[in-house]
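Each chain, letter by letter, is given below.
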Amino acid sequence: MKKYLFPSLRLTLVLLVLLCVIYPLFIMLVGKVAPGSGDGVKVYRNGKVIGYENIAQAFKSDKYFQPRPSAVGYNAAGSGASNAGPTNPDYLKKVNAAIDTFMVHNPGINKSDIPAEIVTASGSGLDPDLSPEGAKIQVKRIARLRNIPENNVIKLVDEHTEKPLLGLFGPAKVNVLKLNVALDELK
Amino acid sequence: MNTEYIGIIVTYGLTILLAIPLGKYIAKVFSGEKTWTDFLNPFERLIFKLSGINATKEMNWKEQLKAMLTINSLWLLYAFFALIFQDKLPLNPDHNPGQTPDLAFNTAISFLVNCNVQDYSGEAGVTYFTQLFVLMFLHFMSAATGIAAMMIIYKGLKQRSVTTLGNFWNFFVKSITRFLLPGAILVAIILAFNGTPTSFAGKDTVITMQRDTAQISRGPVAAMVAIKHLGTNGGGWFGTNSANPLECPNYLTYMVEMIAQLVIPIALIFSLGFYLKKMRFAYIIIGVMTIGMLMLLIPTIQAETHGNTAIAAMGINSANTAMEGKEVRFGIPATAYWSTQTTVTSTGSACGAHDSYMPMTTGMELMAMMVNCFYGGCGVGFMNYYIFIIIAVFISGLMVGRTPEFMGHKVEAREMKIASIAALLHPFLILSFTALSCFVLVNFPDIKWVFQPKNWLGNPGYHGFSEMLYQYTSCAANNGSAMGGLTANNIFWNVTQGIVLLFSRFIPIIGPVAIAGIMAQKKFIPESPGTLRTDTGTFGVMTLAVIIIIAALAFFPALAMGPFAEYFSMK
Numbered sequence: 001m002k003k004y005l006f007p008s009l010r011l012t013l014v015l016l017v018l019l020c021v022i023y024p025l026f027i028m029l030v031g032k033v034a035p036g037s038g039d040g041v042k043v044y045r046n047g048k049v050i051g052y053e054n055i056a057q058a059f060k061s062d063k064y065f066q067p068r069p070s071a072v073g074y075n076a077a078g079s080g081a082s083n084a085g086p087t088n089p090d091y092l093k094k095v096n097a098a099i100d101t102f103m104v105h106n107p108g109i110n111k112s113d114i115p116a117e118i119v120t121a122s123g124s125g126l127d128p129d130l131s132p133e134g135a136k137i138q139v140k141r142i143a144r145l146r147n148i149p150e151n152n153v154i155k156l157v158d159e160h161t162e163k164p165l166l167g168l169f170g171p172a173k174v175n176v177l178k179l180n181v182a183l184d185e186l187k
Numbered sequence: 001m002n003t004e005y006i007g008i009i010v011t012y013g014l015t016i017l018l019a020i021p022l023g024k025y026i027a028k029v030f031s032g033e034k035t036w037t038d039f040l041n042p043f044e045r046l047i048f049k050l051s052g053i054n055a056t057k058e059m060n061w062k063e064q065l066k067a068m069l070t071i072n073s074l075w076l077l078y079a080f081f082a083l084i085f086q087d088k089l090p091l092n093p094d095h096n097p098g099q100t101p102d103l104a105f106n107t108a109i110s111f112l113v114n115c116n117v118q119d120y121s122g123e124a125g126v127t128y129f130t131q132l133f134v135l136m137f138l139h140f141m142s143a144a145t146g147i148a149a150m151m152i153i154y155k156g157l158k159q160r161s162v163t164t165l166g167n168f169w170n171f172f173v174k175s176i177t178r179f180l181l182p183g184a185i186l187v188a189i190i191l192a193f194n195g196t197p198t199s200f201a202g203k204d205t206v207i208t209m210q211r212d213t214a215q216i217s218r219g220p221v222a223a224m225v226a227i228k229h230l231g232t233n234g235g236g237w238f239g240t241n242s243a244n245p246l247e248c249p250n251y252l253t254y255m256v257e258m259i260a261q262l263v264i265p266i267a268l269i270f271s272l273g274f275y276l277k278k279m280r281f282a283y284i285i286i287g288v289m290t291i292g293m294l295m296l297l298i299p300t301i302q303a304e305t306h307g308n309t310a311i312a313a314m315g316i317n318s319a320n321t322a323m324e325g326k327e328v329r330f331g332i333p334a335t336a337y338w339s340t341q342t343t344v345t346s347t348g349s350a351c352g353a354h355d356s357y358m359p360m361t362t363g364m365e366l367m368a369m370m371v372n373c374f375y376g377g378c379g380v381g382f383m384n385y386y387i388f389i390i391i392a393v394f395i396s397g398l399m400v401g402r403t404p405e406f407m408g409h410k411v412e413a414r415e416m417k418i419a420s421i422a423a424l425l426h427p428f429l430i431l432s433f434t435a436l437s438c439f440v441l442v443n444f445p446d447i448k449w450v451f452q453p454k455n456w457l458g459n460p461g462y463h464g465f466s467e468m469l470y471q472y473t474s475c476a477a478n479n480g481s482a483m484g485g486l487t488a489n490n491i492f493w494n495v496t497q498g499i500v501l502l503f504s505r506f507i508p509i510i511g512p513v514a515i516a517g518i519m520a521q522k523k524f525i526p527e528s529p530g531t532l533r534t535d536t537g538t539f540g541v542m543t544l545a546v547i548i549i550i551a552a553l554a555f556f557p558a559l560a561m562g563p564f565a566e567y568f569s570m571k
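Chains as they are written, first to last, in this note's numbering: chain Y, 1 to 187; chain P, 1 to 571.
Since the hints were made in silico from the structure, they are not lab data.
Don't be surprised by glycine CBs; every beta carbon is placed ideally from N, CA and C.
Mixed in with the good hints there might be a few duds.
Said to hold, decoys possible - One-sided and incomplete, this derived list gives chain P residues near chain Y with beta-carbon spacing under 10 Å:
{"#": "1", "residue": "Ile-8"}
{"#": "2", "residue": "Ala-319"}
{"#": "3", "residue": "Cys-351"}
{"#": "4", "residue": "Glu-467"}
Claimed, not checked - Straight-line C-alpha distance at most 20 Å; calculated SDA-like pairs for lysine to any residue:
{"#": "5", "chain 1": "Y", "residue 1": "Lys-94", "chain 2": "Y", "residue 2": "Val-72"}
{"#": "6", "chain 1": "Y", "residue 1": "Lys-94", "chain 2": "P", "residue 2": "Pro-460"}
{"#": "7", "chain 1": "Y", "residue 1": "Lys-155", "chain 2": "Y", "residue 2": "Pro-132"}
{"#": "8", "chain 1": "P", "residue 1": "Lys-24", "chain 2": "P", "residue 2": "Thr-35"}
{"#": "9", "chain 1": "Y", "residue 1": "Lys-2", "chain 2": "P", "residue 2": "Leu-50"}
{"#": "10", "chain 1": "Y", "residue 1": "Lys-32", "chain 2": "P", "residue 2": "Asn-194"}
{"#": "11", "chain 1": "Y", "residue 1": "Lys-94", "chain 2": "P", "residue 2": "Gly-458"}
{"#": "12", "chain 1": "Y", "residue 1": "Lys-3", "chain 2": "P", "residue 2": "Trp-75"}
{"#": "13", "chain 1": "P", "residue 1": "Lys-49", "chain 2": "Y", "residue 2": "Val-17"}
{"#": "14", "chain 1": "Y", "residue 1": "Lys-93", "chain 2": "P", "residue 2": "Gly-307"}
{"#": "15", "chain 1": "P", "residue 1": "Lys-57", "chain 2": "Y", "residue 2": "Phe-6"}
{"#": "16", "chain 1": "Y", "residue 1": "Lys-111", "chain 2": "P", "residue 2": "Gly-307"}
{"#": "17", "chain 1": "Y", "residue 1": "Lys-48", "chain 2": "P", "residue 2": "Ile-207"}
{"#": "18", "chain 1": "P", "residue 1": "Lys-417", "chain 2": "P", "residue 2": "Ala-554"}
{"#": "19", "chain 1": "P", "residue 1": "Lys-66", "chain 2": "P", "residue 2": "Ser-51"}
{"#": "20", "chain 1": "P", "residue 1": "Lys-454", "chain 2": "Y", "residue 2": "Pro-89"}
{"#": "21", "chain 1": "Y", "residue 1": "Lys-63", "chain 2": "P", "residue 2": "Met-209"}
{"#": "22", "chain 1": "Y", "residue 1": "Lys-60", "chain 2": "P", "residue 2": "Met-209"}
{"#": "23", "chain 1": "P", "residue 1": "Lys-410", "chain 2": "P", "residue 2": "Phe-539"}
{"#": "24", "chain 1": "Y", "residue 1": "Lys-42", "chain 2": "P", "residue 2": "Ile-207"}
{"#": "25", "chain 1": "Y", "residue 1": "Lys-3", "chain 2": "P", "residue 2": "Leu-50"}
{"#": "26", "chain 1": "Y", "residue 1": "Lys-140", "chain 2": "Y", "residue 2": "Ser-112"}
{"#": "27", "chain 1": "P", "residue 1": "Lys-522", "chain 2": "P", "residue 2": "Met-416"}
{"#": "28", "chain 1": "Y", "residue 1": "Lys-3", "chain 2": "P", "residue 2": "Leu-65"}
{"#": "29", "chain 1": "P", "residue 1": "Lys-57", "chain 2": "Y", "residue 2": "Tyr-4"}
{"#": "30", "chain 1": "Y", "residue 1": "Lys-3", "chain 2": "P", "residue 2": "Glu-58"}
{"#": "31", "chain 1": "Y", "residue 1": "Lys-163", "chain 2": "P", "residue 2": "Thr-3"}
{"#": "32", "chain 1": "P", "residue 1": "Lys-158", "chain 2": "P", "residue 2": "Ser-528"}
{"#": "33", "chain 1": "Y", "residue 1": "Lys-3", "chain 2": "P", "residue 2": "Lys-49"}
{"#": "34", "chain 1": "Y", "residue 1": "Lys-111", "chain 2": "Y", "residue 2": "Ile-99"}
{"#": "35", "chain 1": "Y", "residue 1": "Lys-178", "chain 2": "Y", "residue 2": "Pro-132"}
{"#": "36", "chain 1": "Y", "residue 1": "Lys-93", "chain 2": "P", "residue 2": "Lys-571"}
{"#": "37", "chain 1": "Y", "residue 1": "Lys-93", "chain 2": "P", "residue 2": "Met-314"}
{"#": "38", "chain 1": "Y", "residue 1": "Lys-93", "chain 2": "P", "residue 2": "Gly-458"}
{"#": "39", "chain 1": "P", "residue 1": "Lys-203", "chain 2": "Y", "residue 2": "Gly-73"}
{"#": "40", "chain 1": "Y", "residue 1": "Lys-3", "chain 2": "P", "residue 2": "Leu-76"}
Generate the whole structure from the sequences, applying the supplied hints.
Listed below in structure tokens is the structure:
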């Protein structure tokens, strides 16, 4: 074993320099010209940072589109899921309560139209997106509270729906933060 | 057909399309043929010169293993102390504390052995220094170690009646310089341009639209996430792994990360065909592995798209009810596809919360890790499969009354003993430690530990049992995924996992390398009409049968008590 100790030690040092200094610094430099300069892509309003494009934030007011429930209170200092098993009785009670709350805040909708994503917590607790259905189920409430025609809000959701990748791969989605920024600008 | 299914079919198709040329290239690199990356030769010579290594000296299998174990022990010590004292080291902008000794023991071993089970959360449990200089460093090291060990076996299959099987350092360094590092650079750049952070800036604080103060963890994420997948490691930057939108921002990065974690294991099998010039043999192996993978993938997708019947019964929209723990940008079929591929390989990364998946999915994930050789990890996937080949050769030899031989070398009692120990170790570790944890939980729920066993489980009933079974299965398969409801950062789990991890990494490497070394020394027997052919469909079916019998017989009772019982309890 001794025969291999010093070569091992020296090889480890050489590889530490190559893989842990040169490689990440190179990626950092490349990241400088990427969107967000490698610091994460921010969303601005009137020149001020109001959040990160890829990180959900809490919208307590019913006048805004709300993102999916978060098991960590939208705290992106960490991230986390509920880790609730599908047959856990406490969990099922919570989902049932979330459905009832959603019905109270969104009068006039059909219960059978509620997509499960809006009453279940996301994997990271920071899911920035809704499916188009998840956004549209909230349209009635927002149109009523803001006194704007429902059709205008539906149009806004459609405009902000990102199609699947190349129109072919994966699901369609709506970024909640960007949608809400646009919502405030809607007359 | 809808875009979510097209997405995963194309992702898989691209993986295979990339794996074939990559396999050919890897075979050329290791057989010393000319490749277009030969401009790196002087650079590699410099690495060897600085390290005082003679990379052309032929080594026998025992010398190879000694070199491998020496350098691995060194990394273990380094990682352990760096994690304990990380608070006193540089690059800690978020002021995270040092790890406790039991957690550092677990983390150091876990990353050393390519498992990456994480009992801490990346945002608070490690620093930028340990993320890069320990965890990401070990991402490269463990993948290259596995590939180097596999190359020793390839060499043993090719050579006839020799004692030396190439040079460990040569295999090891070239797997980094010739494909792991270039591949990681490519993947990291794609991630960077899709919004994954690359800078060393610490946590950011922003005032949100509704005037709340929110914090966002960041760091040089892209560099680590790239090799986390290419090296089938799986230990991510953030606590929720690739479910975190900064670690995997959109569907393009989903496809890239998905391809990255599958392409090398598949390419290595193709490279065996190119290296031995026996493509048929490689196709049969790929075929068996793919059939095995599909047998796990199809029930998973079916279970996840069918969804949670208890939630559908509440009267809401009955489509996509299994969204708990999943992310909208991936959707259900893609998350199901990821869960299968990440458990058939030894990656264990996640784009959702494994604890909230349907019981049948959990069952399929467990089986994938129990079999542990449908593609498998970088290098070690083939090595596990190799054990099953040896057993299949032996059994079929006995069945048809021929001397069992493989690649022109007799398979005798000594090799069979090693193969049996390697094959039986896996169920032994998983089942005995799961039994131990159940015993402690039931008999000592209130024992005076800082974290009491009664608080271990995040879910009651069958699901809770699945959480414990999953944890040890993931460790024994060096996979690293976990059902997050289990609170594993305490002395019992940190220590028992560490033990399982060490055994289940090094014995399945030492065993196959020893078999290959012993067999290569034997007299070469030319192929004759009486030879049992190992490159036929019949032999493929035979190997699959051996795999299913060993995995099913050993694990079925445990699976029945966990995920399958939960499945039948759902209406």
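Going through the hints against the structure:
Residue-level restraint check for Ile-8/P holds (minimum Cβ-Cβ distance to chain Y is 9 Å; threshold 10 Å). For Ala-319/P, the interface hint holds, the least distance from its beta-carbon to any beta-carbon of chain Y being 7 Å, beneath 10 Å. For Cys-351/P, the suggested interface contact is upheld, since its CB lies about 7 Å from the closest CB of chain Y, less than 10 Å. Annotation: Glu-467/P was flagged as interfacial toward chain Y, and the flag holds, the nearest CB pair being 8 Å apart, inside 10 Å.
Taking the CA atoms of Lys-94/Y and Val-72/Y, the gap is about 15 Å. The hint holds against a cut of 20 Å. About 15 Å separates the Cα atoms of Lys-94/Y and Pro-460/P, which keeps this hinted pair within 20 Å; it holds. Of the supplied pair hints, the one linking Lys-155/Y and Pro-132/Y holds, its CA atoms being roughly 11 Å apart against a limit of 20 Å. Taking the CA atoms of Lys-24/P and Thr-35/P, the gap is near 10 Å; set against the 20 Å cutoff, the hint holds.
Pair hint Lys-2/Y plus Leu-50/P holds up; C-alpha atoms about 18 Å apart against a cutoff of 20 Å. For the hint pairing Lys-32/Y with Asn-194/P, the CA-to-CA distance comes to about 13 Å; that is within 20 Å, so the pair holds. The straight-line distance between the Cα atoms of Lys-94/Y and Gly-458/P is roughly 15 Å, inside the 20 Å bound, and the hint therefore holds. Between Lys-3/Y and Trp-75/P the CA atoms are separated by roughly 17 Å; this keeps the pair inside 20 Å, and the hint holds.
Distance check on the hinted pair: Lys-49/P and Val-17/Y sit about 15 Å apart at the alpha-carbon level, within 20 Å; holds. Note on Lys-93/Y and Gly-307/P: the hinted pairing holds, with a Cα-Cα distance of about 17 Å set against a maximum of 20 Å. A threshold of 20 Å between alpha carbons decides the hint, and for Lys-57/P with Phe-6/Y the separation of about 17 Å falls inside it, so the pair holds. The straight-line distance between the Cα atoms of Lys-111/Y and Gly-307/P is roughly 18 Å, inside the 20 Å bound, and the hint therefore holds.
About 9 Å separates the Cα atoms of Lys-48/Y and Ile-207/P, which keeps this hinted pair within 20 Å; it holds. For a cut-off of 20 Å, the pair hint linking Lys-417/P to Ala-554/P stands: about 18 Å separates their Cα positions. Between Lys-66/P and Ser-51/P the alpha-carbon distance is near 17 Å, which keeps this suggested pair within the 20 Å criterion. For the hint pairing Lys-454/P with Pro-89/Y, the CA-to-CA distance comes to about 18 Å; that is within 20 Å, so the pair holds.
Between Lys-63/Y and Met-209/P the CA atoms are separated by roughly 12 Å; this keeps the pair inside 20 Å, and the hint holds. A distance of roughly 11 Å separates the Cα atoms of Lys-60/Y and Met-209/P; the hinted pair therefore holds under the 20 Å criterion. Proposed proximity of Lys-410/P and Phe-539/P is supported: the alpha carbons are some 17 Å apart, at most 20 Å. Note on Lys-42/Y and Ile-207/P: the hinted pairing holds, with a Cα-Cα distance of about 12 Å set against a maximum of 20 Å.
Note on Lys-3/Y and Leu-50/P: the hinted pairing holds, with a Cα-Cα distance of about 16 Å set against a maximum of 20 Å. At most 20 Å may separate the alpha-carbon atoms for a hinted pair to count; Lys-140/Y and Ser-112/Y meet this at roughly 15 Å. A C-alpha spacing of about 15 Å is found between Lys-522/P and Met-416/P, which places the hinted pair at or below 20 Å, so the restraint holds. For the proposed pair Lys-3/Y and Leu-65/P, the alpha carbon gap of about 13 Å is at most 20 Å, so the pair holds.
Of the pairs offered as hints, the one joining Lys-57/P and Tyr-4/Y holds, with about 13 Å between alpha carbons and a cut-off of 20 Å not exceeded. Using a Cα cut-off of 20 Å, the hinted pair Lys-3/Y and Glu-58/P holds, with the two alpha carbons roughly 15 Å apart. At most 20 Å may separate the alpha-carbon atoms for a hinted pair to count; Lys-163/Y and Thr-3/P meet this at roughly 10 Å. Taken as a hint, the Lys-158/P and Ser-528/P pair is honoured in the structure, with Cα atoms around 18 Å apart against an allowance of 20 Å.
For the hint linking Lys-3/Y to Lys-49/P, the alpha-carbon distance of about 16 Å falls within 20 Å, and the restraint holds. With a CA separation close to 8 Å, the supplied pair Lys-111/Y and Ile-99/Y stays within the 20 Å bound. For the hint linking Lys-178/Y to Pro-132/Y, the alpha-carbon distance of about 14 Å falls within 20 Å, and the restraint holds. Of the supplied pair hints, the one linking Lys-93/Y and Lys-571/P holds, its CA atoms being roughly 16 Å apart against a limit of 20 Å.
In summary, the hint linking Lys-93/Y to Met-314/P is supported, as the alpha carbons are separated by about 10 Å, within the 20 Å threshold. With a C-alpha separation of about 16 Å, the suggested pairing of Lys-93/Y with Gly-458/P holds against the 20 Å cut-off. As the CA atoms of Lys-203/P and Gly-73/Y are separated by approximately 17 Å, the hinted pair is consistent with the 20 Å bound. Restraint check for Lys-3/Y and Leu-76/P: the C-alpha separation of about 19 Å stays at or below 20 Å, so the hint holds.
No hint from the list above goes unmet by this structure.
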